[in-house]
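With these hints in hand, go ahead and build the complete structure from the sequences.
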Amino acid sequence: MTDLRTRFQDWLPRLVLSPSLAAVLVFVYGFIAFTLYLSFTDSRMLPSYDWVGLENYSKLWGLRHWHTAIANLGIFALLYITICTAIGLTLAIFLDQKIRGEGLLRPIYLYPMALSFIVTGTAWKWFLDPGIGLEHTMHLWGWESFEFGWIKDRDMAIYTVVIAAVWQSSGFVMAMFLAGLRGIDNEILKAAQIDGASNWNLYRRIVIPLLRPAFLSAFVILSHLAVKSYDLVIALTGGGPGRATELPATFMYSYTFTRNSMGIGAASAVIMLMTIAAIMTPYLYAELKDKG
Amino acid sequence: MSHATQDTAVRTGRIARTFIYLVLLLFALFYLLPFFVMLANSLKPLSEITGGNMMALPQDWTIAPWLSAWSTAQIGVEPTGLRPYFLNSILMVVPAVAISTVIGALNGYILTKWRFRGDTVIFGLMLFSCFIPFQIVLIPMARMLGLMGLAGSTPGLVLVHVVYGIGFGTLYFRNYYAAFPTELVRAAQIDGAGFFQIFWRIMLPVSGPIAVVNIIWQFTNIWNDFLFGASFADLDSMPMTVALNNLVNSSTGVKEYNVHFAGAILAALPTLLVYIVAGRYFVRGLMAGSVKG
Amino acid sequence: MKRASKLMGTVALGLLTAVSAQAEDVEVLHWWTSGGEAAALNVLKEDLQGQDIGWNDMPVAGGGGEAAMTTLRARVTAGNPPTAVQMLGFDIQDWAAEGALGNLNDVAAAEGWDAVVPAALQAFAKYDGNWISAPVNVHSTNWVWANKAVLDELGLGVPSTWEEFVAAMQAAKDAGKVGLAHGGQAWQEATMFDGVVLSAGGPDFYKKAFIDLDPEALGSDTMVEAFKRMETLRSYVDDNFSGRDWNLASAMVINGEAAFQIMGDWAKGEFLNAGKVPDQDFLCFRVPGSEGVVTFNSDQFAMFNVSEEGAKAAQAAMAASIMAPSFQSAFNVVKGSVPARTDVPQDDFDACGKKGMDQLAEAAANGTLLGSMAHGHANRAGVKNAIYDVVTAHFNGEFSAEEAAEELVNAVETAM
Amino acid sequence: MGFLDIRNVTKSYGAVEVLHQVDISVQEGEFLVLVGPSGCGKSTLLNMIAGLEGITSGEIAINGRVVNAVHPSKRNIAMVFQSYALYPNMSVAQNMTFGLEMHGVPKPERDKALKDVAALLQIEPLLDRKPGQLSGGQRQRVAMGRALVRDPDVFLFDEPLSNLDAKLRVDMRTEIKKLHEKLKTTVVYVTHDQIEALTLSTRIAVMNGGYVQQLGTPQEVYDDPANVFVASFMGSPSMNLIPARLRLNGQAAVEIADGAGQPVALPLTGTPGGAQDGDALLFGLRPEALTDTEGADRHARNIVTFRNPVDVVEPAGSDTFVTTTLGGKDAISRMRADTRLTPGQTCDFAVNMDKAVLFDPRTEQRLRLT
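Those protein sequences? They're chains A, B, C and D, same order as listed. Reading the first sequence from the start, the letters are residues 1 to 292 in the working numbering. Reading the second sequence from the start, the letters are residues 1001 to 1293 in the working numbering. Reading the third sequence from the start, the letters are residues 2001 to 2416 in the working numbering. Reading the fourth sequence from the start, the letters are residues 3001 to 3370 in the working numbering.
Hints are computed from structural coordinates only; laboratory data are not their basis. Heads up, a few of these hints could be off.
Distance condition first, Cα-Cα at most 30 Å in a straight line; then the derived DSS-like pairs of lysine-lysine [as the list claims (entries may be wrong)]:
#: 1; chain 1: A; residue 1: Lys59; chain 2: C; residue 2: Lys2207
#: 2; chain 1: C; residue 1: Lys2208; chain 2: A; residue 2: Lys59
#: 3; chain 1: A; residue 1: Lys190; chain 2: D; residue 2: Lys3178
Right, here's the structure in full:
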């Protein structure tokens, strides 16, 4: 009955989608499964297949660095996401006030995202270094009491990582919010003004709630960047002072590759993935249920 | 897709405006500072850097570091500068971005206009794949590339970048096409257009804004990637970032910071160019797609 | 001399390439990318090209070879290993244990490596009694670099004991200088620790603690003393040390901002590059208290399994060229290190280089040529990094000396 | 067998059946309107005819050929969408000829067809514009033009006028009617607007809840509704449905309560079969069958008059609508425009019993008189 072309047309979309799906299944989920397997083996320099059960996990949780790395990720992700969102939103709102020179300011805010941290890490390192950077310059300019030595301070160094990370991505977040603002129907704003809302209330009660999708997108992209932050730490602090700025991504790399403890590295990767899944699944579920 | 106007209809007073300009300019300064440090130091002789203030403007202006970084600095055993690796990166990044954009567009098109049972699950799988840490894929990926005979080649690198670009590409295009009226696809079906004809003739021509977003995103990520480049390339396919890393990160050699900075800026030029040229469409593209939940 | 070595190389080549005369390319993975290093390596490249062997360069810098080792794993996993790979210490042994390395016995026999390479180096270059890699150089880590002008100004000579060294740093500090130039990175702290442990406990203690990993030694009072000496050093370091690159620390000595730096012999390159002359502008001497002992690390080219005869021949030729005295001399003069064979003429070396060569030969003879803990020649990567963790944490004030020694025992145990 | 046959077609999504056993036969040249509230299944049915949605069971045949498994583009149909679905990246001319191009029609023929249709619809000046540069009415014309160019067996319209303003909608309605009269092509037209249904169609299928409630000419559907739903959905203002009782002692009559709650008996022209004295009924009366005495239909044979108070008076230009209370509910009466009634007054109402219909309040089905 069914003519061939029609039947083919029915299957074509699935056919076209299948290579992508296959690639994702193999190169992402297959590899995750492989990593999960490795985390139960005594792999050191290269993968090995000798089963050791949960030994790697118990070793991992016995390592002080791992606790430091987890705690750092908590601090880093929280501050990074919050500050980026706050700065991004502020800049977007300000830039949306018919600003002269918007065309010039926008790329200035955006460009850090274009640069790899291999590139900018050194510049930041110098800038934050009290001996040669900002503090030094302030002293030269006569502000002798100025102090800014966080990068040298074990307790504060993680915050310099936050500063540099915010520098890199807040412009991108700004663009997302700006796009969201430009997408809001003007009539809603006019109506709110006629209702007597002050600018402050206008944004707080009307605009910001309407930006919900932009907030969600920003959250996904920022959390993805936070979890993957690696270059940043390596270039800026090298994980130091001491190991004070270790993050799970640097931890994973160092155990897998430089310390020849692939099993422990794999275990840390599994824990990281589980954490990401725990955070992202509710978001994905909500997102997909709405539209599905 | 309605065209939103530029004007927010919000009125602000003189003092408020001054304040806004002040904040905007301060942030512009904040964003420009590291670039200033890089630029200023790339134009100084080395002695002025190691001996002096790194925040100061050069006293002896020189472009020698730039020339050195471009064509004579030592990357490997030969003093080639970054020049030859530039081409390698272009040869890698252009096909990778093009292919991953087409794949993202096709996936987005299928997942919104040719829906079938289980399509949201597939999308969820693709989206979550964005979060895989690249460190864990290194070893198994090397094995796969070896099995496919693509190890140490540009096509191999392109494949890797395309695979890990599927997630975001699909996300961007899916969100964009979700707002695109399905009736158009139906009309085209009745008009007799097939799956690919609808894609090429109806969908792609209106995908400009989101394609810009995807291209900027993928271009930045692929151009700046170091891990895959260092692991899966050989000399003939070694990308710019690996060369830059060789220039900057030598462990026990003399560090020529001025050359490093010049090289760093050179290596970043293509992405900067993409941002500046495509940047004006970027916000528009985000507006049309990715931020609409 | 050069001609003789070439001749020898050709003889060896002749022996090995009886089947296939066709020479192949070698692909070389290394992390020598800075100007001097790469130029030095270019000598080897040209040497091989003279023998019709092409050179496929595969440089990956970063983290003292860490990035290159990651690349290597990807390459081996992909079934596409390079011909020769620059490698350090235990990595060579680890790869040999994986069965990934080839066999250089024929070249080694033809060139008599067993006689000229110090036994301490052979321990890394041989696996199961077979030659698997060709050592290029010997770096030594227990050096102190000093600005002669500063010392003269303060009326100081070369300190010969730890106490004199501390007094000298104090004098420099009192004169408004930085006593010790240092960059706060884990590996730099570990490099200092090599010398400090030697000065506090001598070669036998060093061996027990770092090579045998004896928990008693690791937790001993001597180790506590070593940590205390680190604290002393810490007190002469300026406040901005953390994260500083080693060569910026060297620059502080060069500029006369600081009096001393404890760093491996690669630091010499920075001084030479700044136009300084050994013994006139700057001084090099062993960490006081560690004289007579040399902690070393040796860059070697490990040769990977290749199946084709032509490739094997190229590999052998490369190994022969690396070990040729002419190359050893040419390379190490530039690099700041000393040759891996003890029979290389000293003519081309500067004062510090000559000193280093003499001390190496002496230490090799006395059995005091010891693998550097900081540079992966005392134990495997996992242990090395575990020690790094404790040393750097202590140096940054997280532990007291006693706690650090205790923590060291734990960390090493976990990593083993 | 008709030109377009819909035979026992059902549609299910999973376990949920949204269309039940639809059976319609359309003759060539007919203008069939599918009308009903949103969610009644009319658009689903249209999409199934177009081939945009699969058929769960039953079959659809166009011009004698079963098309269940035929691709939309091969059914020789054309469709006009609610949103017009004009391709935003193409000019008007490209939009209109895209389908011909896809079917491999050579360029000269395409140009000729385009010229003819553009002339017919008077859109020649718009041909080079992009859809974004057109007004709503112009887009509507282009969308129709795109369908016309194809010269299809069947035109499918999916609420094509709902995006236009009131005035334009009326104009376009007339235009569509004229076009149909000129071209005599078979049309299936979906709308939720009963006026459009009545004015345009040759036959109407009133749908609700996935069922075809009634299929008939506009006259049949209006005057002779099959059930309460059709009666109340068709016509504006809608039919008065007054609670009543059946009286069978003497002449058959319905008894309703007037404004004061007193019973009024209205004699019937026949007896509903199977009904008994005292049964509850719904007495259906169109507003034009409840009027002032001068305005009553001159051809009507059975007029009953009674007095009742006026509650509300709404002049609507050509008519005046007067609300009164019958059976405890508001009943609307259509009177002449010059009526001088004011609220509170009592007046004579004339009931045209020829047009009265009865429903069973339980089943909501029509009770026919015998």
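Does lysine 59 of chain A pair with lysine 2207 of chain C here, judged by a C-alpha cut-off of 30 Å? Holds, at roughly 27 Å.
Holds or violated: lysine 2208 of chain C with lysine 59 of chain A, Cα cutoff 30 Å? The given pair, whose Cα atoms are some 26 Å apart, holds under the 30 Å limit.
Pair hint lysine 190 of chain A and lysine 3178 of chain D, alpha-carbon separation not exceeding 30 Å: Given that 30 Å is the threshold and the Cα spacing comes to 44 Å, the pair is violated.
In this structure, only the earlier hint numbered 3 is contradicted, and the remaining ones agree with it.
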